[in-house]
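Chemist: Residues per chain are reported as follows:
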Amino acid sequence: MSANAVNYEPVPGSAKDDAILVVDSVRRAFGGLVAVDVAHVEVPRNKITALIGPNGAGKTTFFNLLTGFDTPDTGDCVFNGNSMNGIPAHKVARSGMIRTFQLTKALSRMSVIENMRLGAADQKGESFWRGVFSPLWRTQEAAITTKAEELLARFNLAHMRDELAGGLSGGQRKLLEMARALMAEPEMVMLDEPMAGVNPALKQSLLEHIKALRTEGRTVLFVEHDMDMVREISDWVIVMAEGRIIAEGTPDDIGSNQAVVDAYLGTHHDVDLGGPQ
Amino acid sequence: MSWDLILSNSLYTAVSANAIAYMLVALGLNVHFGYTGLLNFGQAGFAAIGAYSLSIPISRYDWPWPFALALLLVSSILLALLLGIPTLRLRADYLAIVTIAIAEIIRLFLNSVRFTWLTGGNDGLQGFTRWMENLNPFPENGVTLWAQKVDGYRLWLMLSGWVLLTIVATGVYLLMRSPWGRVLKSIREDEDAARSLGKNVFAYKMQSLMLGGFIGSLGGMWLVLDKQSSQPQDFSTTFTFFAYTIIILGGVARAKGPIIGTMIFLFLIQFVDITLQQATRTTPTDPTPLLPTWLVDQNNFSQVRFIVAGLVLAILVVVRPQGIFGDKREQAFDVR
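Sequence order for the protein chains is S and W. Following the UniProt record's numbering, the numbering of the first sequence begins with 1 at its first residue and continues without gaps. Following the UniProt record's numbering, the numbering of the second sequence begins with 1 at its first residue and continues without gaps.
FYI, nobody ran anything at the bench for these hints, they're computed from the structure. In this text the structure is predicted, and so the values were computed from the model without any measurement. Some hints here could point you the wrong way.
[To be verified] Chain S regions said to be covered by chain W (calculated; three or more residues, Cβ under 8 Å): (1) 89–97; (2) 108–114; (3) 117–126.
[As the list claims (entries may be wrong)] Label-pair restraints from in silico Cβ distances: (4) S:215 to W:173: 39 to 45 Å; (5) W:233 to S:156: 57 to 63 Å; (6) W:177 to S:34: 57 to 63 Å.
[Unchecked claim] Below are the DSS-like pairs computed for lysine-lysine, each with C-alpha atoms no more than 27 Å apart in a straight line: (7) W:328 to S:124; (8) S:47 to S:16; (9) S:16 to S:91; (10) W:256 to W:227; (11) S:16 to S:147; (12) W:227 to W:149; (13) S:147 to W:185; (14) W:185 to S:91; (15) S:91 to S:147.
Note that beta-carbon positions come from the ideal geometry of N, C-alpha and C, so glycine has one too.
Next comes chain S alone, as it looks inside the complex:
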């Protein structure tokens, strides 16, 4: 962990020397309810950042705003120096920020390998006119397939290659979704509750996969409830409550942060924050 040690100031909205994603005064209200109201937050490059907070804190809404699945009422997100204001979700994805979903979106009636192939970016055969003539895309398709098979092997899904994705277990679907996201070589991977519904045995391997993303030079931002997991893999933690960023810091900072403890205890008396007890 020491190689990934960080020494940013542990306050909400703290500056990072190399931020990949900068969010400025982003606000999203649904009717009278302000779901997200983030003044300023920076996500460090090539680090694993956890986004935590009690239920209803606005984490998933914030995720949707970052990835173009929802549009903020005001404010701007800057990814890699480019404003993401009003950019539709598919273009955000193409710019190198790929997300997964809290409820996995495995494409059930497509085979695992087809799920994987779909993830690849810039496919020639995805144009209507070229699609009819397979010689125009066959070479690229073969390369995509090779890459997909490598990733499937890495994520222990190689034996499921030709099964329909609907036949996978919940944990396998999480793995497939993560592997599929990697097909496009994203710079930043956004994981919405990667551990939800995953059995403990698979959890450990998922953790290793997430750590491997950092080793490959990618940035990871993930939403999670499991504090033990947050402590184990994240370099930096951002805490949301009631739509705002209430704290930032290393996992150790967060465990002893009174604002965080209050935010959780306000709604969850029994949550194990995973900090030094």
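For this one, chain S is given, so just place chain W on it according to the hints.
Modeler: Here is chain W on its own, set in the frame of chain S:
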């Protein structure tokens, strides 16, 4: 009862030019519904546009037929844009509502008295098939296939229709095996997932709507070429529902599905119809029909075919819910 006649006529119905029209319309709908998951309930509207893009310019304005075909292409794409732009960003149900409404608007417009000068109103339009008759290489009195007489024009329309259908179906088959088709299927499964992987979902849905709509228009054209008359009542919502029946029968999202589905559907209906027609017939020499008149008689047998067809369809859905060519595994995961 002449079984030669019954069988040859039913078989012919299943492969005739009229059947090809159904196959094309269903093939287009399969692109929408089967592959992309678009709930288009207005496929009859695309067929009507195809039929009248041919018949109006030719019978009213004496256009050369290649221009009419170009108009068919353009107008089917325009209709797809008209349907798609307001609805494809919304939930699937809205497309269903808008398509069924637009298809009905098209039919009522074609049927209206005010525009009779253009569309021929309820009587429809005739006299737009001369060019197709001129292209016919077969002798006019045609041939007899088994016990079924087929005139030269219908034979020509049937054979050229099969060529057209083969080209279109092969094109669709190749497209659906391509990465383009893969994106369509991913949209059917979960459009947010497709979006999260960088696919422009709206553009793909639009392309799907255009392609399937154009194929449906070709179907409408073949229908009126066969009837040699284009009439609004042929393009009621029933036509769309027949097309749905056909693709569910043949197997959704299968290239062969619409073709085999049409054959079974039309064979069944024709077979029941013509059998009952013969079984309820009375002649001066034989005044008692084969079937008792308290059960069914000459005046009501024509409705029975739909009862029987519905029954067979219901049985099929129970016994083989995935259709003739469908994949049982896929059906099992269809949780929507």
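Chemist: Given as covered by chain W, does the region 108–114 of chain S meet the bar of three residues or more with CB within less than 8 Å?
Modeler: This one holds; 4 residues, not fewer than the three required, reach chain W with a Cβ under 8 Å.
Chemist: Below or equal to 27 Å on CA atoms is what counts here, so check residue 147 of chain S against residue 185 of chain W.
Modeler: With a Cα-Cα distance of about 21 Å, the restraint between residue 147 of chain S and residue 185 of chain W holds, given a limit of 27 Å.
Chemist: Within 27 Å, alpha carbon to alpha carbon, are residue 91 of chain S and residue 147 of chain S?
Modeler: holds (23 Å)
Chemist: Within the region 89–97 of chain S, is the number of residues with a Cβ closer than 8 Å to a Cβ of chain W three or more?
Modeler: holds (count 5)
Chemist: For residue 16 of chain S and residue 91 of chain S, compute the direct alpha-carbon distance and say whether it is at most 27 Å.
Modeler: Satisfied, since the Cα-Cα distance of roughly 26 Å is no more than 27 Å.
Chemist: Are the Cα atoms of residue 16 of chain S and residue 147 of chain S separated by 27 Å or less?
Modeler: violated (34 Å)
Chemist: Would the hint linking residue 227 of chain W and residue 149 of chain W be met if the CA-CA limit is 27 Å?
Modeler: holds (16 Å)
Chemist: Can you confirm whether chain W covers the region 117–126 of chain S, using C-beta to C-beta distances below 8 Å and requiring at least three such residues?
Modeler: holds (count 8)
Chemist: Between residue 185 of chain W and residue 91 of chain S, does the CA-CA distance stay at or below 27 Å?
Modeler: Holds, at about 20 Å.
Chemist: For the pair we were handed, residue 328 of chain W and residue 124 of chain S, check the Cα-Cα distance against 27 Å.
Modeler: Violated - the C-alpha atoms of residue 124 of chain S and residue 328 of chain W are around 32 Å apart, more than 27 Å.
Chemist: Taking the Cβ atom of residue 177 of chain W and the Cβ atom of residue 34 of chain S, is their distance within the range 57 to 63 Å?
Modeler: violated (48 Å)
Chemist: Quickly compare the C-alpha distance for residue 256 of chain W and residue 227 of chain W to 27 Å and report which way the hint goes.
Modeler: holds (25 Å)
The earlier numbered hints that this structure contradicts are 6, 7 and 11.
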